[in-house]
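Novice: As a plain string of letters, each chain reads:
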Amino acid sequence: MNAVATIPSVRHTIIVEAPREHAFEVFTRGIDTWWFRDHSIGKEPLQEVVMEPRAGGRVFERGIHGAECDWGRVLVWEPPSRLVVAWQIGGDWRFDPDPAHASEYEARFIAETPTRTRVDFEHRHFERHGDAARKIRDGVDSGWPKLLAAYAETAKAA
Amino acid sequence: MKTNLKIRVQAPGDPTRIAIFERLERGPLAVGEIARGMPVTRSAVSQHLKVLKDVGLVTRQRAANRQIYRIDADGVAGLRDYFDRFWQESLQAFKQAAETSLKEKSR
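Chains as they are written, first to last, in the numbering used here: chain H, 1223 to 1380; chain D, 312 to 418.
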């Protein structure tokens, strides 16, 4: 077994012209208002994206006929300053319940002024998806899952 | 790095191609070594390697009189770049949603 090299994190910083509480609220409870509609992995067309507002809460999508498909879990819930979510979509672009196979993203909300918030974002530990990526198979039918599958496939190779 | 991501992500789809890719993850190999024990011909293996090479997932190097294939680290980085863009666009959408909803709230 080869040692798995760490894949560099994806980092972004964005300035939001809104108070910190509001930015945190929209990022979390309001995730459905900004999530791109074609970024889903469920069998049904996407109706709604939900983040349960607590540590241990589920992050999932609900299809137009009500079917739910998990994406991950809230690991750290510290409103209005910090959020960490486990990204548990594996190489077969299905929910993988094993936390050891999850990458994670963190958002930190820093008040620059009372009405301006800086959000420092990081998605890290991509290499943890490695084992799940072995399940990659044909039958992928839309762009985003394909990309995720490919990313996971190569994640284990990096 | 500009590559055709769509073609690239479809590339690993074939089961034989996945098997080849997995063998290369253990280290660089020559065609003959990759083909050994596989239920397809050596020329079929070469065809799959060509596809993987064309989309930037593997590279080829001549060593002595053999062609050695290995995983292309740059190709892997390209897929990380995709994720980078994915979040960049999503965070931009988040910013707009937050600023728009704030205006509506204070109206």
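Misleading hints may appear alongside valid ones.
Listing some non-contacts, in silico: residues in chain H with all C-beta distances to chain D over 12 Å [said to hold, decoys possible]:
#1 E1239
#2 V1248
#3 G1278
#4 C1291
#5 S1303
To give an idea of the chain D side of the interface with chain H (calculated C-beta under 8 Å), a few residues [as the list claims (entries may be wrong)]:
#6 D365
#7 F394
#8 W398
#9 L402
Hints in this document: simulated from the structure, not taken from any laboratory. Note that beta-carbon positions come from the ideal geometry of N, C-alpha and C, so glycine has one too.
Novice: Taking the hints in turn, state whether each one holds.
Specialist: Each hint, compared with the structure:
1. E1239: Not fine: 5 Å to the nearest Cβ puts E1239 (chain H) too close to chain D.
2. V1248: With a cut-off of 12 Å, V1248 (chain H) comes too close to chain D, as the shortest Cβ separation is near 4 Å.
3. G1278: holds, 23 Å
4. C1291: At roughly 18 Å from the nearest Cβ of chain D, C1291 (chain H) sits farther out than 12 Å, so the non-interface label holds.
5. S1303: holds, 15 Å
6. D365: violated, 15 Å
7. F394: holds, 5 Å
8. W398: holds, 6 Å
9. L402: holds, 5 Å
Checked against the numbered hints given earlier, the structure breaks hints 1, 2, 6 and satisfies all the rest.
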